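> My request is simple: use the sequences and hints to build the entire structure.
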Amino acid sequence: MSTVAISLTPVCAVDTIPIEGGVAALVAGSAVAVFRSFDGSVFALSNVDPFSGASVLSRGIVGSRGDVPVVSSPMYKQAFDLRTGACLDDAAVRVASYDVAVVDGVVHVGSIRPAGEDA
Amino acid sequence: MRATGWEHVVPTVLGMTKRQRIVVVGHGMVGHRFVQAAIERGLAETHDIVVLGEEPRAAYDRVALTSWFGSGPDALSLLPGGEYDDPRVRLVLDSVVTEVDRAARTVTVVSPPSAVGDLLAHPGAVTVHDYDVLVLATGAAPFVPPVEGRGKDGCFVYRTIEDLEAIRAASEAATSGVVIGGGLLGLEAANALVQLGLDTHVVEMAPRLMPVQLDDAAGSTLVRHVERLGVTVHTGVVTEEVEGGSSVTGLRLRQAGTEEGAPTEVVDAQVVVFSAGIRPRDALARECDLEVAPRGGVLVDEQCRTADPHVFAIGECAAPGGTMYGLVAPGYAMAEVVVDALLDGPGTFTGADMSTKLKLLGVDVASFGDAFAATDGALELTYADAVAGVYKKLVVSEDGTRLLGGILVGDASAYGVLRPMVSSGLALPDNPEQLILPVGTGPGLQLGMPDEAQVCSCNDVTKADILHAVAEQGCESVADVKQCTRAGSTCGSCVATVKNIIEDHFASVGKVVDKGLCEHFRLTRQELFDVVAVHGYRRFDDIVAAHGTGRGCDVCKPAIASILASQTSTHILAPATAELQDTNDAYLANIQRNGTYSVVPRIPGGEITPDKLIVIGEVARDYGLYTKITGGQRIDLFGARMEQLPAIWRRLVDAGFESGHAYGKSLRTVKSCVGSTWCRFGVQDSVGLAIALELRYRGLRSPHKLKGGVSGCARECAEARGKDFGVIATEKGWNLYVGGNGGATPAHARLLAGDLSTADLVSYLDRFLMYYVRTADRLQRTSTWIEQLDGGLDRVREVVVDDSLGLGAELEAEMARHVGGYEDEWRATLEDPAKLARFVSFVNAPDTPDPSIAFTTEREQIQPIAPALIPVGAPA
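Protein chains in written order, with the numbering used here: chain S, 2 to 120; chain X, 273 to 1148.
Don't take each hint at face value.
BS3-like cross-link-like pairs, simulated, lysine-lysine; straight-line CA separation at most 25 Å [as the list claims (entries may be wrong)]: (1) X:783 to X:771; (2) X:424 to X:629; (3) X:787 to X:771; (4) X:900 to X:884; (5) X:977 to S:78; (6) S:78 to X:629.
Derived by calculation from the structure, the hints in this document are not laboratory data.
Please read these numbers as outputs of a predicted model, since none were measured by experiment.
See the structure below:
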């Protein structure tokens, strides 16, 4: 339990993140995009859009493609799976996905998850 | 030799073939078509082309001459810029060719003094042009029968814009007018007189109107339509004399077939228009000893070549095989044949389909194939509805298997299907009467047309050409096919057939042309717009729950945000819509490649005080922003971090600026020239109008960005015709042009209405913009929107100018609501802490700027350093 507690960074109150919106947070020096989907689930991906290199994913539009909750990059519009960071428009591309938890109404971001592991 | 891109203008000396020169005499519709085809098909690669036009203006659509009253000469122009966009083609107007010297291969041209300015210094300049190939495209002249008194003041012909101008001037003091000739052109001329408010008569020697195209029953149906418009028709009469002193006072008529001295009647008239047929203008050919046909026209072979291999003739001045063709489509075909011949192609002209379809005085009239059942054993099927004023006749072969021709009056909608059936010899269905029965009583007109059937006779486009464009060239709409094949781009009568062919093709290959917005909505933007209006939705969640699936995406969410913004005047960052906005709207600024934003304050009409200019400079300097002048006469400040935006806006708003909406699919700028307040040429205050229009339409959310322009005179320094709406000052008011844009597919705006008062201009613009906002597809600029509307620009004119849908007041009221509800989005954001909350770099470290943003300096200003791209597949 103690190791988990150390690696979690409190970011903001969950209500700060609009439904189907995102915010950027600074976690251990890296920019992380934290999103809330329609059903209130919270996800965290790297904020860096891999196609442009700009730190902007938190400003993308959150929605769905099929059953997949996605954010589309505000730069060139590629969609990323909020759960895994996988790019739906280019199978070779994935952004980092972070552990995330809501504790007492506060969003905590953990460490990068290995590829292929869902939230 | 180093390639400079200008090789074609440099005389060739290095073993290359010497460039040949083509001289085209005449810049009417056919001469213009020849030049277009020569450019498109590569003839201009080896030939320089000089076009000598006699009229003071470039080629225009003579077929639509009457519409000039409604929209002015510019709308008719086939070459709006007045010159070809190809340096190898030179158009010289105001040039009368007086002589052709076939031995020397030269033509002599006289330009009238008016064309060269100073009468004394230039009493008509004479120029001699060499040619390797001469193309005569001098057209035809109206035939004026030798009636006594035909030279009196008040007698006119109907052929050119200048003729119409003269008729209009004479009509101001007249109360009634007569057209001599009840054929196609005569009825067009009568339409002109009706529009000029004259009590109008038409005099025809034959027992019916349009005797060449129509039978008696069709002719009398047409008479009923025409008389309903207040035109008095006199058939079976001859003109004995034009009465009056030096000016016309009336026309004395006598029954055709009676002797001189028989009883006559007199029709009062102060204007007489002769429209009794045309004669080829073949004088140049006669004078240089080229043979002409017995009934006139330069005699040419199947390649439209005269006996002199260097001289061709095309259009109404030519007589291929001895026959002259008085329609534009055969002329176009001849133009193509000559280009083909000069490219050593096999094309020949062996006769033409003389089918016609026209709207005369608002009545649809068509005649095609063997309209008079001249073929042995031909049978006639007729349908007539005297109440509705509809007459339709099919001429079929003796065995009833083939359609030979027909006549349609009052409803010519079947023409697009029937005419190709004649030319392709397609077998008739078992119950051919279904083809002319009113829609709803038969199975409709979806017939299997063979691939070789010619669909567009004006541009010789077959069904196979259209299918190729759809199947191989990615065309999906009538607008695409028009662009690709030219089908439907001249008279437009085949557009409905083109549409059917496209739809049939997609149906046959199982392709659903999905006009739905995206995977979440099957509705088009227009349908969504209506759904939102009818139900009064204000939230995306309600709309997607009732009419869509899933949770939306970057396509449908901004589209719905735009629709909501157009219908309400709620701030785009209000809680219900903030998360629907694309990032530019979401941050009220334009995102740049490194994630920073650019800021554009509104500078209405491009007019700015020195003090405000200084404020922009100070803000840019204080925030270290890269500064650049835009094409829309304002200033763009680049490199602002997202969290700096509110502070930058605060400085600008305090100095009296507001958002320029550079980020929105909304009105951007209304560009202006300096206008009559300063410019010695200006005739109206273009800056004042541009400012008023920009302030009126600022903030209007639309399917795509919108730009406007206002020029203070015809010199058009504001480039208004490159805008979605362009206004050009005239002596009498304003001309309104619509549908222009720059970008990848530039479009010139076309005239919607001319000589408007400022009040009418604003009311038409209100209607035009709201009609566009309501009905266009997402990301559809006004040019493509107009193109895909059924009826195109004419449809827009009907709705906006004629108010044919009765929507005018409603559209204006919607615009009034928009204007009244406008607020500056920057100021409103600054005043609302909830909206400001999003403008932080990091939610948990608001004082730490994004460390990935870095700049270098170039030409004394910042430039972004490209962020390092993360290798593909490797998570950051």
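> Hint by hint, say whether it matches the structure.
Hint by hint, here is what the structure shows:
Between the alpha carbons of residue 783 of chain X and residue 771 of chain X the distance comes to roughly 15 Å, so the proposed pair stays at or under 25 Å and holds. Of the supplied pair hints, the one linking residue 424 of chain X and residue 629 of chain X is violated, its CA atoms being roughly 35 Å apart against a limit of 25 Å. Straight-line distance between C-alpha atoms of residue 787 of chain X and residue 771 of chain X comes to about 15 Å, which keeps the hinted pair within the 25 Å bound. Distance restraint check for residue 900 of chain X and residue 884 of chain X: the Cα-Cα separation of roughly 16 Å lies within the 25 Å cut-off, and the hinted pair is therefore satisfied.
Using a Cα cut-off of 25 Å, the hinted pair residue 977 of chain X and residue 78 of chain S holds, with the two alpha carbons roughly 19 Å apart. Restraint check for residue 78 of chain S and residue 629 of chain X: not satisfied, since their Cα atoms lie roughly 49 Å apart, outside the 25 Å limit.
Violation of the numbered hints given earlier is confined to hints 2, 6; the remaining hints are satisfied by the structure.
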